[in-house]
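On the provided structure of chain A, position chain B as indicated by the hints.
Chain by chain, the residues:
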Amino acid sequence: MRRSSDGRVLAGICAGISQKTGIDVTILRIGFVLVGLFAGFPVLIYALAWLIVPLGTETSNIFSRAVADRRGIRLVIAIIPLVIVTQIVVSLLHVSFVGIISWPVFLAAGLTILIWRNASEPERVWMHNDLVPMLSVGSEGPGRWKVILRTTAGAALAVGGIVVLILGHPSTAALRPLGGALLVIAAIVVVFGPWWLTLVRDLMAERQARALAEERGQMAAHVHDSVLQTLALIQRAADDPQNVVRLARAQERELRAWLFEGRAPGSIGDEVTMLAEGIGLLQRHVEADHGITVQVVMVGDCPLTESLRALLDAAREATVNSAKWSGAPQVSLYAEVEPGAVMLFVRDRGQGFDPDAVPADRQGIAQSIRARMARYGGTVVIRSAPGEGTEVELKMPTATATATATATATATATATPNPPSPPK
Amino acid sequence: MTDTRPNDAHRPRIFLVEDHAVFRAGVRAELGDAVEVVGEADEVEAAIELINERVPEVVLLDVHLPGGGGHAVLHGVLPHHPEVRFLALSVSDAPEDVIAVIRAGARGYITKTISGGELLQAVYRVAAGDAVFSPRLAGFVLDAFSHPTAGDQSDTVTTGLDPELDQISPREREVLRLIARGYTYKEVARDLTISAKTVESHVSSVLRKLQLSTRHELTRWATDRRLI
Chain A
5 MRRSSDGRVL AGICAGISQK TGIDVTILRI GFVLVGLFAG FPVLIYALAW LIVPLGTETS
65 NIFSRAVADR RGIRLVIAII PLVIVTQIVV SLLHVSFVGI ISWPVFLAAG LTILIWRNAS
125 EPERVWMHND LVPMLSVGSE GPGRWKVILR TTAGAALAVG GIVVLILGHP STAALRPLGG
185 ALLVIAAIVV VFGPWWLTLV RDLMAERQAR ALAEERGQMA AHVHDSVLQT LALIQRAADD
245 PQNVVRLARA QERELRAWLF EGRAPGSIGD EVTMLAEGIG LLQRHVEADH GITVQVVMVG
305 DCPLTESLRA LLDAAREATV NSAKWSGAPQ VSLYAEVEPG AVMLFVRDRG QGFDPDAVPA
365 DRQGIAQSIR ARMARYGGTV VIRSAPGEGT EVELKMPTAT ATATATATAT ATATATPNPP
425 SPPK
Chain B
0 MTDTRPNDAH RPRIFLVEDH AVFRAGVRAE LGDAVEVVGE ADEVEAAIEL INERVPEVVL
60 LDVHLPGGGG HAVLHGVLPH HPEVRFLALS VSDAPEDVIA VIRAGARGYI TKTISGGELL
120 QAVYRVAAGD AVFSPRLAGF VLDAFSHPTA GDQSDTVTTG LDPELDQISP REREVLRLIA
180 RGYTYKEVAR DLTISAKTVE SHVSSVLRKL QLSTRHELTR WATDRRLI
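Those sequence lines, one after another, are chains A and B. The numbers in the first sequence follow our numbering, run straight up by one, and end at 428. The numbers in the second sequence follow our numbering, run straight up by one, and end at 227.
Derived from the structure by calculation, the hints contain no laboratory data. It is possible that part of the hints are untrue.
Cut-off 20 angstroms, straight-line C-alpha distance, at most; resulting in silico cross-link-like pairs (DMTMM-like, lysine to aspartate or glutamate) [what the hints assert, rightly or not]: (1) A:Lys399 <-> A:Glu342; (2) A:Lys399 <-> A:Glu281; (3) B:Lys185 <-> B:Asp129; (4) B:Lys111 <-> B:Glu173; (5) B:Lys185 <-> A:Glu392; (6) B:Lys185 <-> B:Glu117; (7) B:Lys111 <-> A:Glu291; (8) B:Lys111 <-> B:Glu42; (9) A:Lys399 <-> B:Glu42.
Pulled out of the complex, with its shape left as it was, chain A reads as follows (with noise of 0.2 angstroms):
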């Protein structure tokens, strides 16, 4: 068995199921939750196949990963203590039911963090566009169903929470117990909390390396848009040294502003605000650059954002890929402004290519492309066949994901690295 990575809503466990008996995964998805209310095992078994099964055409599973990761491993016993202290609280409550499913509840959240931090990194990808919208429920918003939401959701909980309260103990009687269990999980965050800063403090470090690594990439894509294309061009126009001056001339422009005033090369200008106009200056620019057509449709029009000029970036990466490698006369790009997401395809009837035989170190459908669209939630889906042509169809959430990235942002600080600042 396999998890599936098309009809997924969180593993792709319940479609692997449903792929491989036959049985209609909506069934199969509402038993498992069902069950998962009152058993809280199914939570934990969901768990577990997630770490084992492996994804789609993977041939490693999360396990094998996770076993070699000691800090996640080291998370996972921190989250004991807690058990205990949980465990202390509901037997002085009497509250059973609680008691039954902790255990396996704390178990699958240890699982869950381990799978968090050995799944691949399109999983992770996803996990965190489909998770990130749930959490902003929380978050301040304008939306106004959020704020209802919300209410609605800690009312429940505090009457829930009152009413087991007076239904164990009719009597204050109930607070005195509560005091020696008060000094038992003292003594616990005393013991283990020391560790617990421990632990949060190498996360941290973690996370800045993560956000090293990301800006680095980055990095790494802007250069090959500009520097290394521009290499390119260059070569070919050997023999035209006016046009090897003029190519010259504007890539020094582009590093400079780049290097000291922090213009990212290649990228729209802070000047261009709206999507339409961002579309034009990329077709003005590489009609000028690569001597090809380039016709654009564009339905609808939005202000730009951070993700936005990302999208267009991607954009301009494919359309220059098609001038230089399809071998047609004309690209077309079309563009259009959804509720929830722009969508974007850059398509050319040129000779094509095969997408899987694309070596892993070529850097314009890697880095330029996909990872550029990861980073802010993106899709990537390129259709191409030698002697079919190419699309690349892009698609950026807008929108809804507007709340959810500056949600991230603030969560992580340091996850949007911009080009290096100027030096002083």
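For chain B alone, kept in the frame of chain A given last:
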């Protein structure tokens, strides 16, 4: 682009209305023997007179013409000879021009950058009574029909609108979207697993809605909007 030409012996009789002699010569050369060019004109008055006299099957009509623009020719011919079919050609892509000729009765709209083979295809298609949409026109239609609330909503609450004509169906939208992405009818058909004939009927139906809809947005959109 290797769509095969219909290989029947019939050569459509076409008429060129275009104010650039060089472009007329170019079109003649590109279409070659596949069509019979029954005449040409370089301004509105002469065009109306000659077309009414010779009644060609297809008129290739430049959107920008001295003496009133392409839609003036349509207004001068269609009342007398509704069987004459018009295919609009332009370089400018200004939405208000395109919408104006389509609303005046043109059966299709293409840009002048089109290749010879595609132009011939378009001529055959229009001669056969089908509609021809360039990617840009498909984009216009999607824009005009998809975003009804782009402006203020107050004056769109007009009574007497035919809801059938006022919106395009999801399937038509899909077809238009693929055309806007640069797909040929054949490729659209393959992608949606429908027949090329069905694609043509969807496009024709959209054209009909475009011409008959009394929808406010359509004209307002066309005049308001400055596309790139």
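Status of each hint after checking the structure:
1. A:Lys399 <-> A:Glu342: Between A:Lys399 and A:Glu342 the Cα gap is close to 10 angstroms, so the pair holds against 20 angstroms.
2. A:Lys399 <-> A:Glu281: holds (19 angstroms)
3. B:Lys185 <-> B:Asp129: Holds, at about 14 angstroms.
4. B:Lys111 <-> B:Glu173: Cα-Cα ~25 angstroms, so violated.
5. B:Lys185 <-> A:Glu392: It holds: about 14 angstroms lies between the C-alpha atoms, which stays within 20 angstroms.
6. B:Lys185 <-> B:Glu117: holds (12 angstroms)
7. B:Lys111 <-> A:Glu291: Between B:Lys111 and A:Glu291 the Cα gap is close to 17 angstroms, so the pair holds against 20 angstroms.
8. B:Lys111 <-> B:Glu42: Judged against 20 angstroms, a Cα distance of about 18 angstroms means the pair holds.
9. A:Lys399 <-> B:Glu42: Violated, because 46 angstroms separates the two Cα atoms, which is more than 20 angstroms.
When held up to the earlier numbered hints, the structure conflicts with 4 and 9 and fits the remainder.
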